[in-house]
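Now for the letters of each chain:
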Amino acid sequence: MIATIKAEWRKNRYRPAFLVSSGIVAGITVLLYGVSWYQALNPGTARQPMSLLTLYPDQIVNNVMGAGFPLGAAIAIVLGALIAGSEYTWGTMKTSLTQGPGRLTTWFGRVVAFEAWMGILTVILFVVGAASSVVVASFQGHVITAPALVDIAKGLGTIWLVFAVNGAIGLALGTVIRSSAAALGVGLIYVLAVEVIAVRFIDSISNGAYKWISDLLVNQNATALTQSFTSAAFGPSSAPTISAQQAVLVLFAYFGGLVIVAAALIRQRDVT
Amino acid sequence: MENTDTTIVETHSLTKRYGSGVLAVDSVDMSVRRGEVYGFLGPNGAGKTTTLRMLVGLIRPTSGTATVAGHAPGSPAGLARIGALIESPGFYPYLSGRENLKVVADMASVSLQRVDEVLDMVELTSRAGRKFGTYSTGMKQRIGVAGALLKDPDLLILDEPSNGLDPQGMAEMRKLIKDIAHGGRTVLLSSHLLGEVEQICDRVGVISGGRLVTQSTVQELLGEKGIVVRAQPSDRAGEVLTRMFGPKAVVRENGFFHLKTDPGQSVEINRQLMASGIGVSELRPYERSLEEVFFQLTGEKQGS
Numbered sequence: 007m008i009a010t011i012k013a014e015w016r017k018n019r020y021r022p023a024f025l026v027s028s029g030i031v032a033g034i035t036v037l038l039y040g041v042s043w044y045q046a047l048n049p050g051t052a053r054q055p056m057s058l059l060t061l062y063p064d065q066i067v068n069n070v071m072g073a074g075f076p077l078g079a080a081i082a083i084v085l086g087a088l089i090a091g092s093e094y095t096w097g098t099m100k101t102s103l104t105q106g107p108g109r110l111t112t113w114f115g116r117v118v119a120f121e122a123w124m125g126i127l128t129v130i131l132f133v134v135g136a137a138s139s140v141v142v143a144s145f146q147g148h149v150i151t152a153p154a155l156v157d158i159a160k161g162l163g164t165i166w167l168v169f170a171v172n173g174a175i176g177l178a179l180g181t182v183i184r185s186s187a188a189a190l191g192v193g194l195i196y197v198l199a200v201e202v203i204a205v206r207f208i209d210s211i212s213n214g215a216y217k218w219i220s221d222l223l224v225n226q227n228a229t230a231l232t233q234s235f236t237s238a239a240f241g242p243s244s245a246p247t248i249s250a251q252q253a254v255l256v257l258f259a260y261f262g263g264l265v266i267v268a269a270a271l272i273r274q275r276d277v278t
Numbered sequence: 623m624e625n626t627d628t629t630i631v632e633t634h635s636l637t638k639r640y641g642s643g644v645l646a647v648d649s650v651d652m653s654v655r656r657g658e659v660y661g662f663l664g665p666n667g668a669g670k671t672t673t674l675r676m677l678v679g680l681i682r683p684t685s686g687t688a689t690v691a692g693h694a695p696g697s698p699a700g701l702a703r704i705g706a707l708i709e710s711p712g713f714y715p716y717l718s719g720r721e722n723l724k725v726v727a728d729m730a731s732v733s734l735q736r737v738d739e740v741l742d743m744v745e746l747t748s749r750a751g752r753k754f755g756t757y758s759t760g761m762k763q764r765i766g767v768a769g770a771l772l773k774d775p776d777l778l779i780l781d782e783p784s785n786g787l788d789p790q791g792m793a794e795m796r797k798l799i800k801d802i803a804h805g806g807r808t809v810l811l812s813s814h815l816l817g818e819v820e821q822i823c824d825r826v827g828v829i830s831g832g833r834l835v836t837q838s839t840v841q842e843l844l845g846e847k848g849i850v851v852r853a854q855p856s857d858r859a860g861e862v863l864t865r866m867f868g869p870k871a872v873v874r875e876n877g878f879f880h881l882k883t884d885p886g887q888s889v890e891i892n893r894q895l896m897a898s899g900i901g902v903s904e905l906r907p908y909e910r911s912l913e914e915v916f917f918q919l920t921g922e923k924q925g926s
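So the sequences go chain by chain: P and X.
Read left to right, the first sequence gives residues 7 to 278 (our numbering).
Read left to right, the second sequence gives residues 623 to 926 (our numbering).
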């Protein structure tokens with residue numbers, strides 16, 4: 007599988023979609039900090055008062071969660087759909103599968119390289135967040151304090167998992183539909199609309215008797231996991247109905263399930 | 623069944639029926655010998671690409687078996703000895719030709735040094751730094767052939783490599799294939815271009831409507847060479863020609879005599895007929911073209 011990972015890495019490192027996505031993630035993070043900073047300095051401009059304390063380096067983990075989900079997740083879906091779907095539209099799937107490593111090896115190599123890119127996007131998000139918070143702290147004359155390493159690690163893990171599972175949605179859709187445009191359309195509609203509407207509907211039935219179903223949906227768990235990072239600087243927060251532990255398990259289950267379903271399709275289907 | 627030491631591709635009743643019920647390939651028994659250039663000839667939609675896709679494992683047959691380079695189609699060990707360009711070349715448009723080949727080399731676990739060698743073989747070294755998406759059709763086909771050569775394969779499968787090329791590009795592609803075939807490499811070339819097949823291939827298989835209708839050397843397919851004669855009076859001309867070559871070698875058809883004999887006999891035929899007081903109005907060597915044979919075998923109409 008090393009050969010496949012090397013090949014996937016080589017083709018992805020110059021891929022415009024990845025370079026643009028990295029820029030977008032960085033841009034979203036800077037924008038988030040910039041807008042929040044403006045709102046904190048101009049209290050009348052926000053619906054809820056924004057505290058400058060949330061923008062300092064010790065709060066970066068909590069802060070970047072907002073950039074990571076849902077916008078970062080949407081970008082991950084787009085990337086996954088592009089990576090998997092374009093293999094069919096460009097005819098590169100047949101080129102890959104006639105080289106010898108085997109269908110499953112090719113697929114898992116592709117997934118590993120893709121998820122490594124999700125890791126890079128995660129790191130970009132944190133680095134740009136940290137740099138932005140240092141800029142805010144420097145201008146405000148606030149002491150620069152880093153968050154605890156364990157919190158940084160948990161934050162990195164959370165954002166990577168959210169990107170990874172949403173990227174897997176894109177990869178699986180690209181594989182099922184064999185086209186990037188349709189796959190990314192379906193993926194974005196799901197994450198931005200379908201799941202939201204479905205959750206509202208399910209939770210409204212019989213006074214929430216079926217809420218356990220909506221609690222199993224992918225981005226309900228992603229939301230719960232990103233909201234599990236709380237801080238006094240952000241004010242009081244309501245306890246999420248899904249625990250962080252459950253969210254991690256559910257997201258990993260989705261990740262594994264999506265990758266395996268796509269693998270089964272790649273193994274069985276004719277490449278025409 | 624042919625000896626697997628001498629055959630590199632062998633299929634038995636290879637069949638592909640799609641879910642829609644379309645029978646794309648119907649009981650194909652095909653054998654390609656080591657070291658030959660095998661032309662897989664057929665009209666568009668005859669089943670050529672489907673057959674080749676089955677040989678490299680992209681498509682699973684509905685029934686029948688195939689052995690390619692000593693292995694089942696699609697097996698990693700078999701693919702390690704096969705280079706294939708199926709239909710159009712599939713590469714990443716945002717990468718250069720060279721980078722694309724490096725991606726393929728990584729997948730095939732081939733040394734990156736080989737990339738420069740194959741670029742040189744297809745004469746694209748100077749343009750290898752340009753993005754694949756900006757290449758002309760001819761350059762794309764050449765990069766496709768280069769990709770297929772990366773593994774220095776025993777068997778090279780080229781599916782319509784001249785597709786979309788202008789006459790000069792076609793001539794260059796023919797030369798390239800001849801060069802590649804030099805040195806004992808087996809080439810399985812699918813094409814609907816009869817001239818291309820006639821010029822390059824040692825043996826041909828003709829497929830029509832999913833069925834392999836014939837498989838033989840080009841010479842066998844074209845049949846024996848001969849001479850066509852038109853002479854008056856024809857009855858006396860028939861007597862002279864029969865006396866010269868025997869009744870089995872003389873076929874009378876539409877006022878012409880078709881003689882199954884060496885075209886080098888023309889001068890002697892003319893001399894004998896003239897000596898017998900017979901006027902010769904036409905005397906020429908006769909050879910069926912591959913085109914005639916193809917249309918006869920596939921049931922297609924010439925010029926349609």
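For the record, the hints were derived by calculation from the structure and aren't laboratory data.
Cβ atoms here follow ideal geometry from the backbone N, Cα and C, with glycine treated the same way.
Wrong hints could be hidden among the right ones.
[Unchecked claim] DEER-style ranges, computed between Cβ atoms:
| id | chain 1 | residue 1 | chain 2 | residue 2 | range |
| --- | --- | --- | --- | --- | --- |
| 1 | P | T247 | X | N785 | 58 to 68 Å |
| 2 | P | G263 | X | S697 | 58 to 68 Å |
| 3 | P | G33 | X | T687 | 48 to 58 Å |
| 4 | P | A199 | X | A793 | 54 to 64 Å |
| 5 | X | T687 | P | V129 | 44 to 54 Å |
| 6 | X | K870 | P | T278 | 48 to 58 Å |
| 7 | P | T278 | X | R655 | 21 to 31 Å |
| 8 | P | T278 | X | G921 | 21 to 31 Å |
| 9 | X | S697 | P | Y216 | 41 to 51 Å |
| 10 | X | T687 | P | G263 | 29 to 39 Å |
| 11 | X | S685 | P | V129 | 44 to 54 Å |
[Said to hold, decoys possible] Below, a list of computed lysine-lysine pairs in the BS3-like style, where the Cα atoms sit at most 25 Å apart:
| id | chain 1 | residue 1 | chain 2 | residue 2 |
| --- | --- | --- | --- | --- |
| 12 | X | K870 | X | K882 |
| 13 | X | K882 | X | K847 |
| 14 | X | K800 | X | K762 |
| 15 | X | K847 | P | K12 |
| 16 | X | K762 | X | K797 |
| 17 | X | K753 | P | K12 |
[Said to hold, decoys possible] Stretch-level coverage of chain X by chain P, calculated; a stretch enters the list once three of its residues show a Cβ under 8 Å from a Cβ in chain P:
| id | segment |
| --- | --- |
| 18 | 716 to 723 |
| 19 | 805 to 813 |
| 20 | 884 to 894 |
Hint check results:
For P/T247 and X/N785, the Cβ-Cβ distance of about 59 Å falls inside the hinted range of 58 to 68 Å, so the restraint holds. For P/G263 and X/S697, the Cβ-Cβ distance of about 29 Å falls outside the hinted range of 58 to 68 Å, so the restraint is violated. Between P/G33 and X/T687 the CB atoms are about 56 Å apart, so this pair conforms to the stated range of 48 to 58 Å. Between P/A199 and X/A793 the beta carbons are some 56 Å apart, a value that agrees with the proposed interval 54 to 64 Å.
Restraint check, X/T687 to P/V129: a C-beta distance of roughly 51 Å satisfies the suggested window 44 to 54 Å. In this structure, X/K870 and P/T278 meet the distance hint of 48 to 58 Å, their C-beta atoms being roughly 51 Å apart. A C-beta distance of roughly 29 Å is found between P/T278 and X/R655, which places it inside the suggested range of 21 to 31 Å. Under the hint 21 to 31 Å, the C-beta atoms of P/T278 and X/G921, about 27 Å apart, fit the expected range.
Range check, X/S697 to P/Y216: Cβ separation about 49 Å, and the 41 to 51 Å hint holds. Hint check: X/T687 to P/G263, Cβ distance near 35 Å, so the stated range 29 to 39 Å holds. The hinted range of 44 to 54 Å is satisfied by X/S685 and P/V129, whose Cβ atoms lie roughly 52 Å apart. The hinted pair formed by X/K870 and X/K882 meets the criterion: a straight-line CA distance of about 8 Å does not exceed 25 Å.
Straight-line distance between C-alpha atoms of X/K882 and X/K847 comes to about 7 Å, which keeps the hinted pair within the 25 Å bound. With a CA separation close to 19 Å, the supplied pair X/K800 and X/K762 stays within the 25 Å bound. A hinted pair counts as satisfied when its Cα atoms are at most 25 Å apart, and X/K847 with P/K12 does not qualify at roughly 57 Å. Simply put, X/K762 and X/K797 have alpha-carbon atoms about 17 Å apart, close enough for the 25 Å limit, and the pair holds.
For the suggested pair X/K753 and P/K12, the alpha carbons sit about 20 Å apart, so the restraint of at most 25 Å is met. Counting residues of the segment 716 to 723 of chain X whose beta carbon lies closer than 8 Å to any beta carbon of chain P gives 3, which meets the minimum of three for the stated coverage. Only when three residues or more bring their CB closer than 8 Å to a CB of chain P does the claim for the segment 805 to 813 of chain X stand; here the count is 0, and the claim is violated. Counting residues of the segment 884 to 894 of chain X whose CB lies closer than 8 Å to any CB of chain P gives 0, so the stated coverage by that chain is violated, three being the minimum.
In this structure, the hints that do not hold are numbers 2, 15, 19, 20, in rising order.
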